[in-house]
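Asker: Given the coordinates of chain A, assemble chain U onto it according to the supplied hints.
Protein chains in written order, with our numbering: chain A, 5 to 430; chain U, 16 to 109.
Since the hints were made in silico from the structure, they are not lab data.
There is no bait here: all hints are sound.
Quick list of in silico lysine to aspartate or glutamate cross-link-like pairs, DMTMM-like style, CA-CA up to 20 angstroms: (1) A/126 with U/57; (2) U/20 with U/103; (3) A/381 with A/323; (4) A/381 with U/25; (5) U/84 with U/74; (6) U/18 with A/428.
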Amino acid sequence: MKTSVDVSAHREGVEFADGVYWVGALDPNLRTFDIILTTANGTTYNSYLVRGSDGVAVIDTVKENFSDEFFARLESVADYSEIKVIVLNHLEPDHSGALPELMRRAPQAHLYISQRATSMLKALLHGEADLQYTTVKTGDSVSLGDRTLAFLHTPFLHWPDTQCTYVEEEGVLFSGDVFGCHYCDKRLYNDLVGDFRFSFDYYYAHIMRPFKKHVMDALKLIEPLHLKQIAPTHGPILRDRPRRYVTHYRELSTSALARSIGEQDRSMIIFYMSSYGNTARMAEAISEGASSIEGVRVSLYDLQGGETDPFVDLIEEADALLFGSPTINGDAVKPVWDLLSSLAVVNLKGKLGAAFGSYGWSGEAVRMIEDRMRGLKMNIPVQGQRVKLIPTDEELQDCQDFGRQIAEVLVGKPQEKGVIDFADLA
Amino acid sequence: MAKAKITFEDIEQTVSVPAGTRVIEVSERIGAGIIYGCREGDCGTCMMHVLEGWNNLTEPSVLEEKVLKENMAGRHDRLACQAQIIGDCKVKPA
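Bound-form chain U, shown alone:
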């Protein structure tokens, strides 16, 4: 299975994961500072800032785009409960 590395900048920790893993699955287990609310892409609580590897996360769905807009997301912000890791990237809590 293809692997990818995700780095959580706030705790300076890198994890090697199977491609397709959602950020939420890794960040909760590792204790990174991204915080979750509904866990289903609706509330915007888990907004994270993508520092590197923007294109190494799956593209946001129409629903995620809408929630990002409602929560006044910045240019490189994503929802950690929705984004799947498909290549190396670095993130931090937004």
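Okay, chain A solo, but in the shape it has when bound:
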């Protein structure tokens, strides 16, 4: 292994395995990526080139305005006429930006993408080129003579189209954004660059975290591989003990709650805000009702006393989420919206949701929260509970029943039901 590397000093490809080159670009000045991420020292757009005895493959490209650097590096290790294969593991513009120009320079090259990438390719290129492509999945491979590119279908990491490509003979995995990070370092390799642990974990937390289930599915395909190096599309090439990062991804994607409350228990979290204590009393009654169902672990949180990030962590692992808000000037209160607009980093799909609250005269908050939860792909099995001003004993009893009913749905207890007429649905 080289002890000193400086890829900022030249515009040449860097060979890091036999016939496998880095031909990417450095973007040290980037500070905000994709609106949702910040980066303290930029990023890299890693593109790779594989030379086989029967042709050359380019794996992913770079962001369009970094094309010059990419093409210069590519030209230093191959001629365009040699390029037989182009693989896009991920169609996001920071990896597909130089594709149209690359196809113009290497018109004989054939493109390989995942099935899900086809509609994205059209939407990104808008007929710019009448591209011929082949869709690939796990088990498919392309031969470059003495080098073979094998494809792994790893969708939703972090777009529907994502896949990985593995060079069997060299044990190099081109992982796309998986195992990547926004960290720009001219020393290129994980054993030479600075301490990038924060950037690695931060990237996971903002990009991969909503897709933990898909990470686990992908790891099933990746873990059995003989991994000598992992070459992601951003950040350092992981040549030193690459399996550590695979193990770390598994740890990050494993539920921590299941270990502390048991696999069978279901977690319900009730968040509320209350101005005169009425919505708080409803929350307590709902909690009491829900707690009476075996196998349901209820947590009660006053939003006034917490911060968003730890609540997001709790929400990620909960099975049911209840939000209580009074209605003030025809709306739910801001802390509720703040929390409900901070959930893009976690997967809420299919979690149970419910809303409740006390109101003075119109009581819109409950319906608005329900609509928001539906928008977040949650299920709302029981219509929300609303109480005008101070709850009566009967109304608190209704709240208990409401909590119990949601808890029963949560543990899968069948509810008594006949045929409902559509006209009776609100």
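Answerer: Chain U in isolation, oriented as in the chain A frame:
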């Protein structure tokens, strides 16, 4: 108006609806487990599996067929935001 019954297997609930109602209109109101994304037949999020009464849903459009294919739909999968109920059927989230 002609009526039809749709059963959501995951919540074991049957609803009687006017023929022509889209599955999305019923499933959201009843809180069934089918999940929606774009709501306009493009993203494939609302894929559902039709357990009974395949022929009692309107036929998929060319666009829906394309989206189903892209999302690797099974033989009896449909998009709940597109399929209209014209006779008795039973569905569950795909």
